[in-house]
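K.L.:
Protein sequences, first through last, are from chains D and U.
Residues are numbered in my numbering as their position in the first sequence, beginning at 1, plus a constant of 295.
At position 490 of the second sequence (counting the first as 1) the number is 470 in my numbering, and the numbers step up by one without a gap.
Worth flagging that the hints you see were computed from the coordinates, not collected in a lab.
Glycine included, each C-beta is placed from N, C-alpha and C at the ideal position.
Mixed in with the good hints there might be a few duds.
[What the hints assert, rightly or not] Incomplete in silico selection of chain D near chain U, CB under 8 Å:
#1 Val311
#2 Thr322
#3 Gln324
#4 Asn331
#5 Ser335
#6 Gly336
#7 Ala339
#8 Gln341
#9 Leu347
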Amino acid sequence: MTTRPVRFYQVGSFAVGNRLLEDGDRTVQSDLNRANSIDSGHRACQGCGEALGARYALDAAMRATNGQMVAVNATGCLEVFSTPYPETSWRIAWLHSLFGNAPAVATGVSAAMRVKGKPEVRVVAQAGDGGTVDIGFGCLSGMFERNDDVLFICYDNEGYMNTGVQRSAATPPAARTATTDAVGPEPGNAFGQGKDLPRLAMAHDIAYVATATVADLHDLEAKVERAMQFRGARYLHILVPCPLGWGSASDDTIHIARLAKETGLFPVFEAEYGKVTSVSHIRRRTPVEEYLSIQRRYAHLFGKKPRTEVIARIQAIADRNIERYGLITDETVGATREVTA
Amino acid sequence: MTETPFAITLDVGSSRANHTGSWRVERPVYVDRLPPCNNACPAGENIQGWLYEAESGNYEAAWRKLVEENPLPAIMGRICFHPCETACNRVQVDEAVGINAVERFLGDLAIENGWKLPSAGADTGKRILVVGAGPAGLSTTYHLRLLGHQVRLVDSAQKLGGMMRYGIPAYRLPRPVLDAEIARIIAMGVEVQLEHNVVNIDRERTDGGFDAVFLAVGAQLGHRVNIPAGDSTRVLDAVNFLHQVADGDAPMLGRRVVVYGGGDTALDAARTARRLGATEAVIVYRRNQEHMPANGEEFGQALGEGVTMRWLSTVNRFEGDRLILEKMRLNAEGFPEPTGEFEELDADALVLALGQNTDLSLLDQAGDVVVNNGVVEVQPSMMAGASGIFAGGDAVPADRTATVAIGHGKKAAHGIDAFVLGRTPPIVERHELATFERLNTWYYSDAERTVRPELERVRRQSNFDEVVGGLTEENALFEARRCLSCGNCFECDNCFGVCPDNAVIKLGGSKRYEFDYDFCKGCGICVKECPCGAIEMVPERI
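Work out the full structure: start from the sequences and follow the hints.
P.N.:
The following block contains the structure:
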């Protein structure tokens, strides 16, 4: 007869908690006494992925640093919806200066702590994709290059959302935004442009670079914890779906983040000193249509006359990621299935 | 107001002053839905409930939850045809949860550890007569004792158990297991009267001063057809045959045994014949495998023991030691029609397993009981007529399985309770069904089912040792943990974790969660990401 060790409890490590796991193996989020770094009452939209991602990451960082932590915030959705004067949602030491200078401010806070003889106080800087890949990139690259002791977290929702959904250099090809209309022969955002920031960060040879999504909490928390084990510049890129800008249902936020990973469009991996050290494999391989078709920013690809050639180009991006990072293993369901596009 | 800097007029405060709950048009609410296993269980077990306890390794708590509905888990863990597993939502993920195997594991563990059933309820002074000590009679006795009624249990046989003892062979249900579970019920304080034939139910009731009667006399008469045979001793019926074997008085059948019929009893008879030394055991059935009513699992075991099948055939007559079979064909409706072609089959004995009938002569004097097609008509409370005579098991119209009988027993006990205390029977409200579509299966680990070991085939052809083994503790735990907990919160913390607004309050200590409607914006992520479908969105009252 078959015997095997009992190594899981119903939901294994996929769900947030598990009433039978040892405390140490549970997620920070399953803890009654989690920091709740960003509190209720914030004005993020229904189903905001960024509010969720920020709490996931900062609560994990709070645990990793025993609460000895300062967060520096760039301008963006996260800053706007959490601190409309005179209210604040932050239950941690939190600082906001300008849109583009968060990495530099974080460098300053880190230096100040060193000067004050408080090296145990760690610094986390955070921004949306606009504040990271566009406006703050000069400061960020400098922070990387100087190897300042900061964990920089980018919450990537692929556009400037609170100003009315404009394109950023993180907006994916073919996506409709207010500045990349779905008209003309190549509707939506252009192919072949934009920045792949995790790879740019890796090119600085900093200690730690990782990507994560709000769909895999265990993975996200492990990466924050790992990042806090290093001193020097570190970078964490978290995909946070935006119901407003992506035109998705508010209850689909986590589902969409999961599909981004399962299609291969958003590779989830970690790298140390410029080299990829681990990847999250695809569990159930999914064609990109499933991801695209539930977002209105891609509605122009479907409709009466589906733009199959455009979908095929997006599938090719996913396939290239799968090959580049080795995202498929023998255990991937549907690994051998021909993906038609 | 404290001193504020230049141009600043307001104190800084927490965003908790901003009640974002007012944005909401729909609100999430926690629900309990009816798991398909519970829905399918004829004995009305709360399967998801006892698996939940077993998942944590609280086996005694699991067993206690189990016996709230069914006092015979070690028996049912062996002989139940587990419709729960057919209904299990996990079938659509990989394979059904091995509920039956876990039930047996718990039942065996209870016997091993001597766990006792709950004590009888406070005495009501009411006396109930239970006729027939099979699964229905034992189940109703148990539930009546829990409710505090006195019970006299009568049976015509020498020992308790009914068809579980005299119909089901020992290789499927070892007698020590049967004895242990029956003894546990009797230990609750039951007056037992064996080898007593009830001839007139009304007189029996009046003489004993009983407030109500439960009839669970079973279907003990083998259905006979006339098979011309020179030597009539060569033809016997399966019910008697199995009964004799159970009494340790097996008839001599010879080497070549033919069993006529396609139900579970036919399989039991053929497998028993093999064990008694028959070199050939052939089942003759008038239809094909697709239309065979017998349980598939047991059919596979029978084939594995060398039982062979003769499909689409009927027995015409015995000629010496040759059986003449007529070939059949199925018509468009799937009914067999004779073809006029004949075949011969060597046979020393023919066992008829063509269905069973109920002996209801004890009801002849009971006026207001309706007997139709050989079974007793009953109301939902299992009352036959308005006279306080209740019936269940094989004697009423229903599937004739032990599990159904156990369910009847429980239902009848509650019906009897209401009757003797002059109350209306309670209406049990059922939750909405937890369908597969409501699950989010992403969250469940991939894990195939643990299969119970089977005795080496060669060994089991010649003895009555139990064929199907039990699970080890490790495997039972693994199997229990494959449960998806359909429609019932199992505290995975997903809702608590995935809320972008911290609007889920974790109560901790198996008290589940609550929503903080001051801040819940109604995004619905918790509903979508609940693995087991225990949350739903309902429109907000405006």
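K.L.:
Decide, hint by hint, whether the structure agrees.
P.N.:
Verification of the supplied hints:
no., hint, verdict
1, Val311, "holds, 3 Å"
2, Thr322, "holds, 7 Å"
3, Gln324, "holds, 4 Å"
4, Asn331, "holds, 5 Å"
5, Ser335, "holds, 4 Å"
6, Gly336, "holds, 3 Å"
7, Ala339, "holds, 6 Å"
8, Gln341, "holds, 4 Å"
9, Leu347, "holds, 4 Å"
Comparing the model with each earlier hint shows no violations; every hint is respected.
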